[in-house]
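2 protein chains.
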Amino acid sequence: NVNVNDLHRGKAENGPNGVPKLMDLLDEPVPGVGTYEDFNTIDWVREKSKDRDRHREIATKSKESVLALMKSISDAFSGWLLMLLVGLMSGALAGGIDISAHWMTDLKEGVCLNGFWFNHEHCCWNSNETTFQERDKCPNWKSWAELIVGTNDGPFAYIMNYLMYVCWALLFSFLAVSLVRAFAPYACGSGIPEIKTILSGFIIRGYLGKWTLVIKTITLVLAVSSGLSLGKEGPLVHVACCCANILCHLFTKYRRNEAKRREVLSAAAAVGVSVAFGAPIGGVLFSLEEVSYYFPLKTLWRSFFAALVAAFTLRSINPFGNSRLVLFYVEFHSPWHLLELIPFVLLGIFGGIWGAFFIRANIAWCRRRKTTRLGHYPVLEVLVVTAVTALLAFPNSYTRMSTSELISELFNDCGLLDSSQLCNYANVSVTKSSSNALPDRPAGQDVYTAMWQLSLALVFKMLITVVTFGMKVPSGLFIPSMAVGAIAGRLLGVGMEQLAYYHHDWVIFRGWCSPGADCITPGLYAMVGAAACLGGVTRMTVSLVVIMFELTGGLEYIVPLMAATMTSKWVADALGREGIYEAHIRLNGYPFLEPKEEFSHKTLAMDVMRPRRSDPPLSVITQDGMSVEDVESLIAETSYSGFPVVVSHESQRLVGFVQRRDLVISIENARQRQEGVVSASRIFFTEYTPPQPPNSPPPLKLRGIMDLSPFTVTDHTAMDIVVDIFRKLGLRQCLVTHNGRLLGIITKKDILKHMAQMANRDPDSILFN
Amino acid sequence: NVNVNDLHRGKAENGPNGVPKLMDLLDEPVPGVGTYEDFNTIDWVREKSKDRDRHREIATKSKESVLALMKSISDAFSGWLLMLLVGLMSGALAGGIDISAHWMTDLKEGVCLNGFWFNHEHCCWNSNETTFQERDKCPNWKSWAELIVGTNDGPFAYIMNYLMYVCWALLFSFLAVSLVRAFAPYACGSGIPEIKTILSGFIIRGYLGKWTLVIKTITLVLAVSSGLSLGKEGPLVHVACCCANILCHLFTKYRRNEAKRREVLSAAAAVGVSVAFGAPIGGVLFSLEEVSYYFPLKTLWRSFFAALVAAFTLRSINPFGNSRLVLFYVEFHSPWHLLELIPFVLLGIFGGIWGAFFIRANIAWCRRRKTTRLGHYPVLEVLVVTAVTALLAFPNSYTRMSTSELISELFNDCGLLDSSQLCNYANVSVTKSSSNALPDRPAGQDVYTAMWQLSLALVFKMLITVVTFGMKVPSGLFIPSMAVGAIAGRLLGVGMEQLAYYHHDWVIFRGWCSPGADCITPGLYAMVGAAACLGGVTRMTVSLVVIMFELTGGLEYIVPLMAATMTSKWVADALGREGIYEAHIRLNGYPFLEPKEEFSHKTLAMDVMRPRRSDPPLSVITQDGMSVEDVESLIAETSYSGFPVVVSHESQRLVGFVQRRDLVISIENARQRQEGVVSASRIFFTEYTPPQPPNSPPPLKLRGIMDLSPFTVTDHTAMDIVVDIFRKLGLRQCLVTHNGRLLGIITKKDILKHMAQMANRDPDSILFN
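Chains as they are written, first to last, in this note's numbering: chain A, 1 to 769; chain B, 1001 to 1769.
I should point out that these hints are in silico values taken from the structure, not numbers from a laboratory.
Remember, predicted model here, so these are calculated numbers, not experimental data.
Using N, Cα and C, we set each Cβ at its ideal position, and we do this for glycine too.
There may be inaccurate statements among the hints.
What the hints assert, rightly or not - Output of the computed footprint for chain B on chain A, the stretches with three or more beta carbons under 8 Å from beta carbons of chain B: (1) 55-69; (2) 539-550; (3) 575-587; (4) 642-655; (5) 737-745.
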């Protein structure tokens, strides 16, 4: 089993990434070589290769001593430990956010006399054992009017409450936007577009830092409590990713390697959704489907572990006091009929149309914010939107309550004891005495009132969310989208129910909806509508269905959810290709190579590569012909991030590729440390340096910083293949050859610009490398 | 937005894959060019490129006429239609298999007087409304002894039943093995190793054909009914893949493209598990984690759809009459305590050790079968193993029942009304009157008897499964592995339960296991044990936990399952790297590049490439210097599957790569059809043919069959990067260059051989390209 080819390799000792080690005085690697600048893309191949080298070194050493063996074992388990910590920390933070947001939301309406730190529900539970339904009659909870003017009745008290509601909302949102602007500008928004970009290999320093975490956690609570039309689910993903990034610093393996750290961040995205919806499996699928770029199977398994840990941490904190992880957990009792698929598909169409409309409107508004004077006054913008939201929301009980509560009420299947307005049905003698299933009944007056209020709430939510998402406060989109869908679904559901009650002799209802039967569940319609709208906005598919499945816990409701989500995605895709996150990525000009979309044009590598025909020839470095001065002037004249190294200008035969940053650092380092290196010194990238003529300055050997295995494609390679290679291997650049001669270069940015051009968009919208 | 580089491309009209179209008389592509031979690996890049071309063509045409638009739409939806058909067909077949196997298993013990086509349960349900517990007293069901000698008592009747049991088993297994040998040799085994290899890009013609489907379906029923220690779950995956492959022939898109067809097969694998375990989400994850190689997000979504369709088809067939998809669906009622994680981890260790032992023993036995005379008598082998199984199984009631029933009984949580031997506890006054949760009670005599019988069954199952898996009948491994684990788990569970009952004052039980409380669920232990053993054998992780989660439907049991599966995988991995499927792939010498395992050696491309230093130089074709005769003799002298095309022998500058098969077909075709092409004709791979001297035979232009974008790496590229490229892009071969000159070639087989060598295995065990 001796490797017969050892001889082939000659004497070259090889270091990381197939790069021979420096064979001169510079035995130690120069600090800074191999790192990246801010707002640049990492080279996945190089990072993964670095990690394999590290792993190999540890594995080799582990055979030598017990200590090294221990180190190797601890290294192997550090990933799991990190996952455990991420799960615990994110779960705890999510619990804290839930509890604080709940308390502060209630604070807008009143205060608890037992202690101001109790929320409405907790206050009433503490004082006496009233049931949830009687919470309004709880004596210890005082609305602001009661507290100030002593009564809750009359127009004056109403105005008092109204005013306090608006004031608190303004205070919260002012605090939120000020904190974001003062301490952590990256804390605004949902964070998912940026996390997608970071996971695809981009570097935004500080985006996942500790300040962002602290400020985002605090301002998220404030923003949610202010009653703005936004949710905490998206930002929770950002919070979990911040936790993961900070915890990565505890482990060398993850601190030093950008690719490994992104594996952890992928898992953290799963954790975020797991705690946001109490759906660990859905969270993992969300990370896989929606945000992750590189998701090896090992990460799948670890994400699942972390998501479970986080879910159990949150459950043990029990923020809602019902041992559920989300407010809108629901269990349905009656099955659905095949014919109901028609309204479900209608909801899907509504969701798709709304999703496409929302994306367009929101992007137009965000573009206006970017280009006009509007963007100069973010605090004022937030205050105005908050004031409008609060003023319009208070009079309608469905917009006054927090959006999660609204969704919870809409999903709810009316039971016998439900006192909510939406469950006010005319009493008909109950024929079957089954546990919780009630037959369809005629709607009472309250239900009709609720329908009107819900219709108004629908219009309000649809419009206000467009201007809210993208403001300079943490803002998630899941909850507002779901609310829109849930309202539409409930309206349709109640409509269907009444139709079936009054016209059960119609052909379509005959056979499955006899009088006195419980045939239509309006709550299920609300849930299907919520899934459809969320699907239309985000274009999630499997993960969305699984999240909803974990919210209901019944396999049988998967089919309605799937029908609606599928329809919604198709309709939305027909009206506009991108989901909201991709649209925001494009708006910000991030270099994100969408892994889902196929590149379908018939161009070749030669059409995309630089230099173009009219451009000056490609800037190259020869392997042994240039002096330090030549290279320095080349660096000064150009702004390319790297240069190909060739045998000679005439042959253009490729030797390797050297990064600009590495070149600059190495020359600077050599000038300072290596004796005799001056501007006239020749730079060698060859394996052996030929003897220099006497009196010439000592040569500078830089083979160590050269990538000896640059990726190449031929000029006739179809661009769809090139795009595929870039995506799958995570390249930054690729060299183009023709019959073995170097012809040009294609970078990730070139590809994105080309794709933008092909789609009739402005290629200059791609801002970063 | 005009593409400024159109000029660059010159006049070359480009066809599929960037390959310029033939510009001579041969306008039509030669039939056979671009196809593959049996037992060869496909080129994923080429196949995907072909599909994109096809798609592009349809998209362009769709703008021209309404008919073309309709075609384009139907093309877009054909994938979904195909998925629907696969789901329906697989679900229906699975239902048929379940029903037939159930009936034939019962046939070994007796017959129904109402009609021989009723199984035991059905027979008794039909005749009068006895409950499931009283099925033994059903008058219409006659055991063979009752039918023949009129009584079921006494040693003679026992022997009679025994004899009939063995005879039926022998008959079934004889039929199974004879049918497999006579009509479809590919129908044997579980099929999963081969499907993994096929999905990774290998071609085995007929492996998923109609004969395999028919024979596998029939013989699967026979093999399961014969009482051999095997399951139907793995083969169901094969059956679903056969369905998918056959249905692919209905759609050009999938019939013509090997890569697209593999997407459908990945989804079919999910369908197989979905119907085998009633777990659609688990099935999709199984396909993703265990069998698939190329799994784009679109496939994820479609797999999920197909898996759901199949599950609902199976549910509507309702093979078990309880509206569940599997026999061993179970619902637990009591929570578990944190301390119970210790026995769960112990079960994990047992599972891991058993898994590693089973793989070694089974592979050793299969190798013996391959190398010694044992392999010459497959029918005899099956008959002997069946006879031994039947003879040993009959006396023990736990081995006599079908393995699914056994697992179902072991998973079962003893209720108040359970009459099974395992639930025979001493009656203690029930303190709490909760629905189905019983306090821990002392075990009765029957339980102790059952423990003995189960211990014997455990040893029996462990040994007989080793020789059964790999015989020439369809045989799955899931059920026997789960049975071993479930027995071990139940034994441990009952042990723990009794320990807790008699020693509830011990420190470890204090606080959570007071007398009269229901603290330990032996059924849960059985389930955890089953997961652990299955995990040890197959090394599945997330998918296994999700499948088990879908079997129980309670999120809270995920943690025990996860702890056991994780431990089991770690222990098994420490004892042997490979799962059973990888081990069988290696045993058969299939060219499978494991996507999970990292390549961790420090070799370079130059160490792996051919020609080695001592070999003759690389066989190349020059782009304009060779005659038909030269090329034909090159083909005759070598057996390589392709040749690089270079500018000239001196420069060794690479132009492209041409497949042997395409070259042979094209030359043959040209000799027959093109006038004047003789042995002396020169072959040109250049874009333009220089004018030929007068009287020379007309030249043969073959640029059309040349791949103009062959993949290249430099000789200094680290092998871990090369392996990564092969895996991610699905390459067949890659050319190696040094400073722009062609140096050698690396094929998938070279890589696999190198990996085998590095792992101290025989590199010649890799048999195929």
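Verification of the hints:
Restraint check on the segment 55-69 of chain A versus chain B: 3 residues with Cβ-Cβ distances below 8 Å, three needed, restraint holds. Judged by the Cβ-Cβ criterion of 8 Å, the segment 539-550 of chain A is covered by chain B as claimed, because 6 of its residues qualify and three suffice. Check result for the segment 575-587 of chain A against chain B: violated, 0 residues qualifying (beta carbon to beta carbon below 8 Å, three or more required). With a cut-off of 8 Å between beta carbons, the segment 642-655 of chain A has 6 residues touching chain B; three or more are needed, and the interface restraint holds.
A stretch counts as covered by a chain when three or more of its residues have a beta carbon under 8 Å from one of that chain; for the segment 737-745 of chain A and chain B the count is 5, and the coverage holds.
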